[in-house]
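Chemist: As they're listed, the protein sequences go chains A and B. The opening position of the first sequence corresponds to residue 1 in UniProt numbering, with each subsequent residue numbered one higher. The opening position of the second sequence corresponds to residue 1 in UniProt numbering, with each subsequent residue numbered one higher.
Calculated from the structure, these hints are not laboratory results. There's no promise every hint is true.
What the hints assert, rightly or not - Simulated restraints on C-beta separations:
no., chain 1, residue 1, chain 2, residue 2, range
1, A, 117, B, 88, 38 to 44 Å
2, A, 81, B, 249, 37 to 43 Å
3, A, 81, B, 386, 24 to 30 Å
4, B, 102, A, 33, 38 to 44 Å
5, A, 126, B, 142, 55 to 61 Å
6, B, 180, A, 73, 35 to 41 Å
7, B, 370, A, 33, 49 to 55 Å
8, A, 76, B, 390, 38 to 44 Å
9, A, 29, B, 75, 37 to 43 Å
10, A, 123, B, 240, 52 to 58 Å
11, A, 27, B, 319, 30 to 36 Å
12, A, 33, B, 418, 57 to 63 Å
13, A, 29, B, 16, 51 to 57 Å
14, A, 113, B, 94, 24 to 30 Å
Claimed, not checked - Think about it this way: if two alpha-carbon atoms lie no more than 30 Å apart in a straight line, the pair counts; the simulated DSS-like pairs of lysine-lysine are:
no., chain 1, residue 1, chain 2, residue 2
15, B, 135, A, 78
16, B, 273, A, 143
17, B, 135, B, 188
Claimed, not checked - Chain A regions said to be covered by chain B (calculated; three or more residues, Cβ under 8 Å):
no., region
18, 11 to 19
19, 79 to 88
20, 136 to 143
Even for Gly, the Cβ is constructed at its ideal location relative to N, Cα and C.
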Amino acid sequence: MSVAAEVAQVAQSAIDDFNAAYGLCLDDDRLEQWPTLFVDDCLYQVIARENVDNGLPAAVMYCDSKGMLADRVVALRKANVFPEHFNRHLIGRAVITGAEGNQVSAEASYVVFQTRNDGETRIYNAGKYVDWFDLSGGTVRLKSRTCIYDTLRIATLLATPI
Amino acid sequence: MNAETMPVAAGSEPTAVDYAVYHSQAIFTAEQENIFRGQTWCYLGLEAELANSGDFRSTHVGNTPVVVTRATDGTIHAWVNRCAHKGATVCRSLRGNQADGAFVCVYHQWAYDATGALVGVPFRRGLKGVGGYSKEFNMAEHSLERLRVETFGGLVFGTFNPTIAPLDDFLGPVMRKYIQRVFQRPVKVLGYARQFMAGNWKLYSENSRDSYHGGLLHLFYPTFGIYRQSQESAGLVSDEGYHTVFTVSKPKGDVDYGSFGDEANREMQGEAKLQDERLLAFRPEIADDVGLHIQSIFPSVVVQQIQNTLATRQIVPHGTDKTELVWTYFGYADDDDETTRHRLRNLNLVGPSGLISMEDGEAVELCQQGTIGAEGKRSFVEMGGDDVRPSYAPMGMDENSVRGFWKGYLGLMGNALADLAAEGRA
Chain A
1 MSVAAEVAQV
11 AQSAIDDFNA
21 AYGLCLDDDR
31 LEQWPTLFVD
41 DCLYQVIARE
51 NVDNGLPAAV
61 MYCDSKGMLA
71 DRVVALRKAN
81 VFPEHFNRHL
91 IGRAVITGAE
101 GNQVSAEASY
111 VVFQTRNDGE
121 TRIYNAGKYV
131 DWFDLSGGTV
141 RLKSRTCIYD
151 TLRIATLLAT
161 PI
Chain B
1 MNAETMPVAA
11 GSEPTAVDYA
21 VYHSQAIFTA
31 EQENIFRGQT
41 WCYLGLEAEL
51 ANSGDFRSTH
61 VGNTPVVVTR
71 ATDGTIHAWV
81 NRCAHKGATV
91 CRSLRGNQAD
101 GAFVCVYHQW
111 AYDATGALVG
121 VPFRRGLKGV
131 GGYSKEFNMA
141 EHSLERLRVE
151 TFGGLVFGTF
161 NPTIAPLDDF
171 LGPVMRKYIQ
181 RVFQRPVKVL
191 GYARQFMAGN
201 WKLYSENSRD
211 SYHGGLLHLF
221 YPTFGIYRQS
231 QESAGLVSDE
241 GYHTVFTVSK
251 PKGDVDYGSF
261 GDEANREMQG
271 EAKLQDERLL
281 AFRPEIADDV
291 GLHIQSIFPS
301 VVVQQIQNTL
311 ATRQIVPHGT
321 DKTELVWTYF
331 GYADDDDETT
341 RHRLRNLNLV
351 GPSGLISMED
361 GEAVELCQQG
371 TIGAEGKRSF
381 VEMGGDDVRP
391 SYAPMGMDEN
401 SVRGFWKGYL
411 GLMGNALADL
421 AAEGRA
């Protein structure tokens, strides 16, 4: 087994644990903690599958620094107006796709259900995460997360992160 | 019929519109005929989306599915996406390239060329003398329903109306000038976002023409201490009231537009501070100081430049309370990779997740929900006057362009609303 493959094997459970915690962090409305799940020099994108499939780069969220993630959280707390809602992430088991040094790439399917004040729970956003994780220093953090959403029709607006 | 029993919408004025217009199915149906299939040119897409012969894009005019194509001879065409045989959807993809120029209905394989002409019918003469169509069957009589197509500045428009004046006249000189401002050089598409609002299409049309709400609903700038009171702004309205363009320029003088932190109005200084100001960085790339250009072309498209974001927003009415907004983001064809990354960062500001504007989707739905059961009651659109002026500057303390929209709308719909009222239907 190659070194990279061994790293990947060790990473599997760490990444699955990370993803479960990531989903609960957002769904429990601990948004201020969300940027801490990324390295400083990170990339977070939410992008339509139709763009990815056609080689088009435009994303609805494109944050290429941890500061930009934090700015988005402050905006959500203080400035933005959006329907009151709860989100619920279901994240599938990650598939490790590669490894370089202390970094591992992985993909995982997700579904976000959303419940608004009318009480109905709707499928709000389905897609997959395409990630690079940084495993250095004994912690798991995101170097990059690209949320590629199948649900091309965004209901009303997309405020809280996926 | 006296005023008390008169069923409403017919009495609407640009300053006071009956809430029935957002909810009535009869009015929605009449709009398809009088507006989207009437004396208007409707946005179909960008020429840049049809760069090569065979390229096509599925789109809508009102709620009618339409396909816009570039034929093998380079000309642009548009046709209703409905097979002339049984009415099936012919083109089932959002976009693509049909290299052989043939669009084939999967149901019975009737084939059309990019212009919408019927070019093939399987077993037209039957098989071994059995079946088939009569000798009188004429393929030329069974083409797809075609629209007239014209382009301006890189935008493609179509109309069902055989008598309407050319697109240039519909847009008028002021709107043409501002379209040319954004489409100053060739563009390339950066991607799409589609947003579905549980509200009437006119609520979004009003929203994009409503300068009054800007600094009140959208609190991103003041929250981060960015409130540029000294900016120069103007709202221009076309003759019929249909179209509007808003512009906001940096003040004449020495303010550094590159640093919003420095520019913030101290009285409005918010407590929060942006950690990464690249989000907002503006690199003037047109020979003027305009940092915001929002142009609403009646009835169904908004053209925008906000900071370095460039986009069209196509309004697709799917039902009285179902409106799709298709964002097409673009840059200039000669952008380098770094410029594209800068645009992607700026795009955080706009669209369904736009930090400075996501609230618009919520405002549309709030107005839809709030006016349920309010037929016969009217809105109050008198901010900044009760007339429609060709120019309002500075803008922001007025609803001049919203009144313009209703003036244009009621001009096209007036008789239809009166007929519906007389029938007691709306």
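Chemist: Compare the structure with each hint and give your call.
Modeler: We went through each hint and held it up to the structure:
A beta carbon spacing of about 40 Å between residue 117 (chain A) and residue 88 (chain B) agrees with the range 38 to 44 Å that was offered as a hint. The beta-carbon spacing between residue 81 (chain A) and residue 249 (chain B), approximately 27 Å, falls outside the hinted interval of 37 to 43 Å. Take residue 81 (chain A) and residue 386 (chain B): their Cβ atoms lie about 29 Å apart, and the range 24 to 30 Å holds. Between residue 102 (chain B) and residue 33 (chain A) the Cβ separation comes to about 55 Å, which falls outside the hinted range of 38 to 44 Å.
For residue 126 (chain A) and residue 142 (chain B), the Cβ-Cβ distance of about 41 Å falls outside the hinted range of 55 to 61 Å, so the restraint is violated. Our hint of 35 to 41 Å for residue 180 (chain B) and residue 73 (chain A) holds, since their Cβ atoms are close to 40 Å apart. Remark: the range hint 49 to 55 Å for residue 370 (chain B) to residue 33 (chain A) is contradicted by a beta-carbon distance near 36 Å. Between residue 76 (chain A) and residue 390 (chain B) the beta carbon distance is about 39 Å. The supplied range of 38 to 44 Å therefore holds.
Distance hint check: the CB atoms of residue 29 (chain A) and residue 75 (chain B) are about 54 Å apart, inconsistent with the given range 37 to 43 Å. Roughly 43 Å separates the CB atoms of residue 123 (chain A) and residue 240 (chain B), a value that falls outside the hinted 52 to 58 Å. For residue 27 (chain A) paired with residue 319 (chain B), a C-beta distance near 31 Å keeps the hint of 30 to 36 Å intact. For residue 33 (chain A) paired with residue 418 (chain B), a C-beta distance near 59 Å keeps the hint of 57 to 63 Å intact.
At about 42 Å, the beta-carbon gap between residue 29 (chain A) and residue 16 (chain B) misses the expected band of 51 to 57 Å. Separation of residue 113 (chain A) from residue 94 (chain B) is about 26 Å and conforms to the stated range, judged on CB atoms against 24 to 30 Å. Using a Cα cut-off of 30 Å, the hinted pair residue 135 (chain B) and residue 78 (chain A) is violated, with the two alpha carbons roughly 72 Å apart. With a C-alpha separation of about 24 Å, the suggested pairing of residue 273 (chain B) with residue 143 (chain A) holds against the 30 Å cut-off.
Proposed proximity of residue 135 (chain B) and residue 188 (chain B) is contradicted: the alpha carbons are some 49 Å apart, above 30 Å. By the rule of at least three residues with a Cβ nearer than 8 Å to a Cβ of chain B, the coverage given for the region 11 to 19 of chain A is violated, with 0 such residues. As drawn, the region 79 to 88 of chain A meets chain B at 5 residues by the rule of a beta-carbon pair under 8 Å; at three or more, the given contact holds. Check on the region 136 to 143 of chain A: 0 of its residues sit with their Cβ under 8 Å from a Cβ of chain B, so the three-residue criterion for coverage is violated.
Hints 2, 4, 5, 7, 9, 10, 13, 15, 17, 18 and 20 from the list above are not met by this structure, while the remaining hints are.
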